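Student: Protein sequence lines, in the order shown, are assigned to chains G and D.
Numbered by the numbering used here, the letters in the first sequence go through residues 1 to 310 in order.
Numbered by the numbering used here, the letters in the second sequence go through residues 1 to 289 in order.
Think of the hints as simulated: they come from the structure by calculation, not from any bench.
Heads up, a few of these hints could be off.
As the list claims (entries may be wrong) - Derived BS3-like pairs (lysine-lysine); straight-line CA-CA distance at most 30 angstroms:
| hint | chain 1 | residue 1 | chain 2 | residue 2 |
| --- | --- | --- | --- | --- |
| 1 | D | Lys131 | D | Lys110 |
| 2 | G | Lys128 | D | Lys7 |
| 3 | G | Lys306 | D | Lys45 |
| 4 | G | Lys162 | D | Lys122 |
| 5 | D | Lys110 | G | Lys188 |
| 6 | D | Lys110 | G | Lys162 |
| 7 | D | Lys122 | G | Lys188 |
| 8 | G | Lys188 | D | Lys131 |
| 9 | D | Lys45 | D | Lys122 |
| 10 | G | Lys245 | G | Lys270 |
| 11 | G | Lys126 | D | Lys252 |
| 12 | D | Lys122 | G | Lys22 |
| 13 | D | Lys45 | G | Lys128 |
| 14 | G | Lys126 | D | Lys7 |
| 15 | G | Lys270 | D | Lys252 |
| 16 | G | Lys281 | D | Lys276 |
What the hints assert, rightly or not - Okay, the calculated bits of chain G under chain D, using three or more residues with CB under 8 angstroms as the criterion:
| hint | region |
| --- | --- |
| 17 | 4–13 |
| 18 | 69–79 |
This structure is a prediction, so every number in the text was calculated from the model and none was measured.
Using N, Cα and C, we set each Cβ at its ideal position, and we do this for glycine too.
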Amino acid sequence: MTSTVQYSGIDMMCICISREIKDGELMGQGISTPLVGAAYMLAKLTHAPNSVISYTVGNLLSIDVFPLSLLYYEENVIDQCLRHWTFTGVVSDLVPFGCIDVEAFRPAQIDMYGNTNNIVIGDYAKPKVRLPGCGGICDATSIWDRIYFYIPDHNRQVFVEKLDFRSGLGFMEGQDDQQRQALGLLGKGPLKAFSNLGVMDFDEETRRMRLVSLHPGVTLDDVKSNTGFELIIPGRIEETVPPTKQEIDLLNETIDPYGIRMLESLSGQKRNRLIRDIIEKERNARRKAHPSRHAEDRARWLLSAKSLLS
Amino acid sequence: MAGKTMKMEEAVGLVNDGDMLAIGGYTLYRKPMAFIRELIRKGVKNLTALSFAGSVDVDMLIGSGAVAAVRSCYVGMEYLGLAPNHRRWVESGAVRLIEESELTIGVGLKAALQRAPSVLVKQLLETDMLKVRSDIRISTCPLTSQRVVALPAIKPNVAVIHVTEADPFGNACFEGNICADRELAMVSDRVILTAERIVSMGELKQSPRPVHVCNFEVDAVVEAPLGAHPTSAYPYYTFDLWHLFDYLDAGKSSDEFRRYLDRHVFQCADEKAYVKQIGGTAALERILL
């Protein structure tokens, strides 16, 4: 007996990341990565209930599960905080010491060895597109052992033969563990890349990217024609285990009822329309009573702000 | 203890042309925007803007022509995409980007606090970050002979930090998203606090939010209700995405952005006028927490 479960490429990637989490692990979430946040929540609600999330926004650790939000994300993470940290502390203690077990990053470009770029498209001195920057990706990729990537739109602009800038460390030009050690590197290199088309890992010998599985409905040619370098294609290609009804229901109903994770696959007007739609809904839902430990404080502030500003 | 309260127009006098200005907060959270608007009115030049993670703070300063260089590991508008002025001015070469990572800023500030000239780390090896920073070098640890990267200490000339409550002496509290603000307050030569409310020291100590900045670190305290707009100030208001959409529309061209600055900065004598321009206190309703 099979029933059809409706899901998107975003959902498939989200579920792939979620399935990598082991119970009790500390998961790190970076800036504007709702897909990753949703994946962690899903892991917590299924097979990894004791896991902890380190949130970049808020600079804190949390063990609670709460729905994704745009307008109230900061408030939610701070209100649900288990332990406060500072950003300086997170990036100079928690991250370097390797306390964070697992994180998934989104590269603007990735090459066949899992090196990544989040700095510029085009020449560094005269870029075609200046990107926001690498955040902590270059820090984490050179010392951690559990690095994953996700690429919402698998195409030749992202999967490139040659990076415009190497800001995230993969397997460089295919160096093995010994050579990595000789170079003074602490991390073992990335583990897997999940795209909207399939799952890739890295060959143990050559360290080159290798196809592991195709998502349901995706053909080998879809992947090959959208990858700007030669992927290693194994003799037997699996089909990615599709989402279960439970996973999709949890995502749609409990974790992300507004569909915020879908922003990861949109840009321009489409993205803006979805954001406007979500924030109106969030605002309207908020108009109902919102009990808070800050109620008295907020009243005092509002009184003061209004008297000073009007 | 001497009071350090002053008006915004006095406080911006602590920033000189050519300074390394550290901006507190994090992306769209608790950015000292009222101060930045006043700084733009003053017409300061050639700043190096240090923002751990920047958004509209760095972008607005760049778009006003106040910035010569940016030191950051992220300047973007989070869910809303790229920061338009940052993109335009860096791509044209008009603003120099000093490429940082989270670690290079975090430990750079900590090194300055230790009065160490540099710090040795294991990160960044074999990345192109080393190719674009002549002041970051591969080195050998003198004690262990390990292959390491030497990062420079970072000591800003002046820091501006937006807090929820400050007393007149410069003690201040806020909660969550502490960012690099505690280090910035300690390490910077001059420190300006802008505060949602100025309260008595007694009330500050009663606040549910912890004190993160102390009076001995601080040179100026400025009352600035709604002073983080259009970014957030937890637990009072969230970021104003409605306004940020308008900001991004204006950022599409230099001429349009100039008109944004005219409307929201130059034609507003002060923050009271700014709040009137964005729709008065009634417009607060949509961002209130």
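Student: Would you mind marking each hint as holding or not holding in the structure?
Tutor: Right, here's what the structure says about each hint:
1. D:Lys131 with D:Lys110: Measuring from Cα to Cα gives roughly 24 angstroms; hence the hint holds.
2. G:Lys128 with D:Lys7: 42 angstroms, violated
3. G:Lys306 with D:Lys45: 33 angstroms, violated
4. G:Lys162 with D:Lys122: 25 angstroms, holds
5. D:Lys110 with G:Lys188: Answer holds: Lys110 of chain D to Lys188 of chain G is near 28 angstroms, not above 30 angstroms.
6. D:Lys110 with G:Lys162: Violated. Lys110 of chain D to Lys162 of chain G sits at ~36 angstroms, over the 30 angstroms cutoff.
7. D:Lys122 with G:Lys188: Roughly 14 angstroms separates the two Cα atoms, so the pair holds.
8. G:Lys188 with D:Lys131: 23 angstroms, holds
9. D:Lys45 with D:Lys122: 36 angstroms, violated
10. G:Lys245 with G:Lys270: Since the Cα atoms of Lys245 of chain G and Lys270 of chain G sit roughly 28 angstroms apart, the hinted pair holds (cutoff 30 angstroms).
11. G:Lys126 with D:Lys252: OK: Lys126 of chain G and Lys252 of chain D at ~19 angstroms, within 30 angstroms.
12. D:Lys122 with G:Lys22: Within the cut-off at roughly 27 angstroms; holds.
13. D:Lys45 with G:Lys128: 27 angstroms, holds
14. G:Lys126 with D:Lys7: It is violated: about 42 angstroms lies between the C-alpha atoms, which goes past 30 angstroms.
15. G:Lys270 with D:Lys252: This hinted pair holds, its Cα atoms lying about 17 angstroms apart.
16. G:Lys281 with D:Lys276: 26 angstroms, holds
17. 4–13: Contact hint for the region 4–13 of chain G vs chain D: violated, 0 residues under 8 angstroms.
18. 69–79: holds (count 7)
Consistency note: the structure conflicts with the earlier hints numbered 2, 3, 6, 9, 14, 17.
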